[in-house]
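Enquirer: Take the sequence shown: its letter number 16 is residue 71 in the numbering used here, and every next letter is one higher.
One or more of the hints may lead you astray.
[Claimed, not checked] Mimicking DSSO-like on lysine-lysine, the simulated pairs with C-alpha atoms at most 27 Å apart in a straight line are: (1) K215 to K238; (2) K166 to K199; (3) K121 to K78; (4) K265 to K199; (5) K262 to K318; (6) K178 to K238; (7) K84 to K289; (8) K166 to K121; (9) K166 to K83; (10) K178 to K167; (11) K78 to K289; (12) K196 to K262; (13) K215 to K167; (14) K167 to K120; (15) K196 to K238; (16) K178 to K196; (17) K166 to K178; (18) K78 to K122; (19) K318 to K265; (20) K196 to K265; (21) K199 to K167; (22) K83 to K122; (23) K78 to K318; (24) K238 to K262; (25) K84 to K318; (26) K265 to K289; (27) K238 to K166; (28) K215 to K178.
Quick caveat, the hints were computed from the structure, so don't treat them as lab data.
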Amino acid sequence: MIDYHIHSSFSADCTFPMEEMVKSAINKKLSEICFTEHIDYEYPDETIIFDFDRQQYTREINRLKKKFAGEIQIKKGVEIGVQPHLLPQYEHLMAQEVFDFVICSMHTVNKKGLHYGDIFVGKTTEEAFQAYYDELHYCVKNFKNYSILGHVNLMTRYAKETVQNDFLAELQAIFNVIIADGKGLELNTSGVRYGLPSGMPNTEILKLYKSCGGEIITIGSDAHCPDDIAFDFKSSLQLLQSIGFNYISTFDNGTPTFHSIDKIIVY
56 MIDYHIHSSF SADCTFPMEE MVKSAINKKL SEICFTEHID YEYPDETIIF
106 DFDRQQYTRE INRLKKKFAG EIQIKKGVEI GVQPHLLPQY EHLMAQEVFD
156 FVICSMHTVN KKGLHYGDIF VGKTTEEAFQ AYYDELHYCV KNFKNYSILG
206 HVNLMTRYAK ETVQNDFLAE LQAIFNVIIA DGKGLELNTS GVRYGLPSGM
256 PNTEILKLYK SCGGEIITIG SDAHCPDDIA FDFKSSLQLL QSIGFNYIST
306 FDNGTPTFHS IDKIIVY
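Please model the complete structure; the sequences and the hints are all you need to start from.
Expert: Below, the structure is given as structure tokens:
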């Protein structure tokens with residue numbers, strides 16, 4: 056098994072040391088994991104700083120790679136929280152650092168946070184969703200230093216009302232950009248953990264991505280504690296196969312490798 060969205064105490068919203076997360080992954084018989092710690096510049100909650108000491112981060116990953124060599128592969132990733140006005144800062148970050156894997160996520164819209172529902176204040180639910188997809192479309196058109204889009208329908212997790220618009224036209228426009236750029240999409244299994252009927256994105260969006268020609272797809276638990284590593288992976292991989300995906304991807308220094316889902320053992 057492979058989990059390509061794991062956090063540790065290097066992320067401000069996680070308290071578990073990296074080594075503890077690695078040991079849990081080994082106990083669950085994972086063959087490869089990627090740590091994807093948060094860098095989210097200008098996050099609207101001033102009590103949370105989503106950044107970390109990147110030299111220390113690299114040292115700890117290298118230490119654990121050496122300690123657990125032969126037991127598991129550990130990759131160095133990052134999850135960046137993009138906003139249109141912050142793209143130059145992320146360009147600077149990527150010019151300074153080397154990551155195996157970069158998740159491009161959006162946790163803030165119109166400089167308002169999703170987590171506390173601020174984006175929905177003063178807007179209809181449809182208007183808030185439209186703003187989210189408009190900003191995401193702008194970001195993927197103007198920023199290229201990433202590997203995949205993370206939890207692309209994250210707004211669904213925070214919406215208090217069901218939207219009538221499925222925004223498939225907006226998503227298709229986004230997918231057309233990322234596929235042409237050689238980027239991919241994440242299936243984030245935490246949606247079920249947070250009470251949604253499916254992972255993020257849902258089946259309809261995954262089918263749309265496939266119909267647009269999308270092939271690069273990763274699977275990640277978005278784990279912030281050891282127990283959540285590889286959450287709901289068996290059914291998620293079966294879903295991907297039912298849609299027509301035959302492979303999931305891992306990354307090394309930004310380059311994807313494809314692994315047959317048929318050969319992935321889920322315990």
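Enquirer: So, for every hint listed, does it hold in this structure?
Expert: Comparing the hints with the structure gives:
1. Pair hint K215 plus K238 does not hold up; C-alpha atoms about 31 Å apart against a cutoff of 27 Å.
2. The suggested pairing of K166 with K199 holds, with an alpha-carbon distance near 21 Å, which does not exceed 27 Å.
3. With a C-alpha separation of about 14 Å, the suggested pair K121 and K78 falls inside the 27 Å cut-off, and the hint holds.
4. Our distance criterion of 27 Å between C-alpha atoms is met by K265 and K199, whose separation comes to about 21 Å.
5. Proximity of K262 to K318 is assessed by CA-CA distance (about 22 Å); at most 27 Å being required, the pair is judged to hold.
6. Taking the CA atoms of K178 and K238, the gap is near 31 Å; set against the 27 Å cutoff, the hint is violated.
7. Taking the CA atoms of K84 and K289, the gap is near 13 Å; set against the 27 Å cutoff, the hint holds.
8. The suggested pairing of K166 with K121 is violated, with an alpha-carbon distance near 41 Å, which exceeds 27 Å.
9. Taking the CA atoms of K166 and K83, the gap is near 39 Å; set against the 27 Å cutoff, the hint is violated.
10. Annotation: proposed proximity of K178 to K167 holds, straight-line Cα distance about 12 Å (limit 27 Å).
11. Restraint check for K78 and K289: satisfied, since their Cα atoms lie roughly 20 Å apart, inside the 27 Å limit.
12. For the hint pairing K196 with K262, the CA-to-CA distance comes to about 22 Å; that is within 27 Å, so the pair holds.
13. Note on K215 and K167: the hinted pairing holds, with a Cα-Cα distance of about 16 Å set against a maximum of 27 Å.
14. Of the supplied pair hints, the one linking K167 and K120 is violated, its CA atoms being roughly 38 Å apart against a limit of 27 Å.
15. Distance restraint check for K196 and K238: the Cα-Cα separation of roughly 12 Å lies within the 27 Å cut-off, and the hinted pair is therefore satisfied.
16. Taken as a hint, the K178 and K196 pair is honoured in the structure, with Cα atoms around 25 Å apart against an allowance of 27 Å.
17. The straight-line distance between the Cα atoms of K166 and K178 is roughly 14 Å, inside the 27 Å bound, and the hint therefore holds.
18. At most 27 Å may separate the alpha-carbon atoms for a hinted pair to count; K78 and K122 meet this at roughly 11 Å.
19. For the proposed pair K318 and K265, the alpha carbon gap of about 21 Å is at most 27 Å, so the pair holds.
20. With a CA separation close to 20 Å, the supplied pair K196 and K265 stays within the 27 Å bound.
21. At roughly 23 Å between alpha-carbon atoms, K199 and K167 fall within 27 Å of each other, so this suggested pair holds.
22. Distance check on the hinted pair: K83 and K122 sit about 18 Å apart at the alpha-carbon level, within 27 Å; holds.
23. For the given pair, K78 sits about 23 Å from K318 by alpha-carbon distance, which is consistent with the 27 Å threshold.
24. Simply put, K238 and K262 have alpha-carbon atoms about 17 Å apart, close enough for the 27 Å limit, and the pair holds.
25. As the CA atoms of K84 and K318 are separated by approximately 14 Å, the hinted pair is consistent with the 27 Å bound.
26. For the hint linking K265 to K289, the alpha-carbon distance of about 20 Å falls within 27 Å, and the restraint holds.
27. For the hint linking K238 to K166, the alpha-carbon distance of about 25 Å falls within 27 Å, and the restraint holds.
28. Proximity of K215 to K178 is assessed by CA-CA distance (about 12 Å); at most 27 Å being required, the pair is judged to hold.
Hints 1, 6, 8, 9, 14, counting from the list given before, are not met by this structure.
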